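**Student:** Residue numbers (my numbering): 1 to 218.
Please keep in mind that the hints were generated in silico from the structure rather than gathered at the bench. Note that this is a predicted model, so its numbers are computed, not measured. Incorrect hints may appear among the rest.
Said to hold, decoys possible - DSSO-like, lysine-lysine: derived pairs with alpha carbons at most 27 Å apart:
1. 104 / 34
2. 213 / 68
3. 104 / 45
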Amino acid sequence: MRNGKNLRSLLGILLPTMAAWAQPIPIANLQTQKLDMSVVTYQGKESMRLVDREGGGGIALLKNSAFKDGAIEVELAGRPTAGSFAGARGFVGVAFRVQSGGSKYECIYLRPTNGRADDMSRRNHSTQYSSEPDWSWERLRNESPGIYESYVDLESGAWTRYKIVVKGTRAELYVHGAAQPCLIVKDLKLGEVTGAIALWVGPGTEAHFANLKVTPAP
Numbered sequence: 001m002r003n004g005k006n007l008r009s010l011l012g013i014l015l016p017t018m019a020a021w022a023q024p025i026p027i028a029n030l031q032t033q034k035l036d037m038s039v040v041t042y043q044g045k046e047s048m049r050l051v052d053r054e055g056g057g058g059i060a061l062l063k064n065s066a067f068k069d070g071a072i073e074v075e076l077a078g079r080p081t082a083g084s085f086a087g088a089r090g091f092v093g094v095a096f097r098v099q100s101g102g103s104k105y106e107c108i109y110l111r112p113t114n115g116r117a118d119d120m121s122r123r124n125h126s127t128q129y130s131s132e133p134d135w136s137w138e139r140l141r142n143e144s145p146g147i148y149e150s151y152v153d154l155e156s157g158a159w160t161r162y163k164i165v166v167k168g169t170r171a172e173l174y175v176h177g178a179a180q181p182c183l184i185v186k187d188l189k190l191g192e193v194t195g196a197i198a199l200w201v202g203p204g205t206e207a208h209f210a211n212l213k214v215t216p217a218p
């Protein structure tokens, strides 16, 4: 089927050093939670479209994936869904070291509508780290303001090059192919564990993903 073929190509750009992922990931290996999924052409690029279905966001889990240290790269875009709540920001990112079928994970995501907001407080909240279920963005902001979020230039709905590099309890976020990270997390809350990878979509968001690439640490 066309959707299955396109989806496999979108998720099949993986290095052969990951033995379990040497072949393209079949559509059956994608497990969506609280998201609607379809394959579309978005701004001239074949993409996987994921839309929040229940108002609380969700993930698309890459079943049988195993990731501890290395790099995850993807092109992504996020924007609020039509008629979404006032605080919707187009939340979009990647969850990693996913445990317990998706209930526990590390996550680094973007708030695209904040990137060019006429409000420096919002701009400074353009990126975010969280660790579910115990370390929500609200808890991290309240207990350690300004440490787990940062500014980066973003545009709502626009394709964005996203890369995270993970080693031990440290993670760095690189956006737009920059040589320097825009967010550094030095104390990943789940510790040095191995888990799955998931595409992450926040509340009230329509997201697009393409050209996923995973490079495990040697």
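**Student:** Each of the hints needs a verdict: does it hold here or not?
**Tutor:** Verification of the supplied hints:
no. : hint     : result
1   : 104 / 34 : holds, 15 Å
2   : 213 / 68 : holds, 15 Å
3   : 104 / 45 : violated, 31 Å
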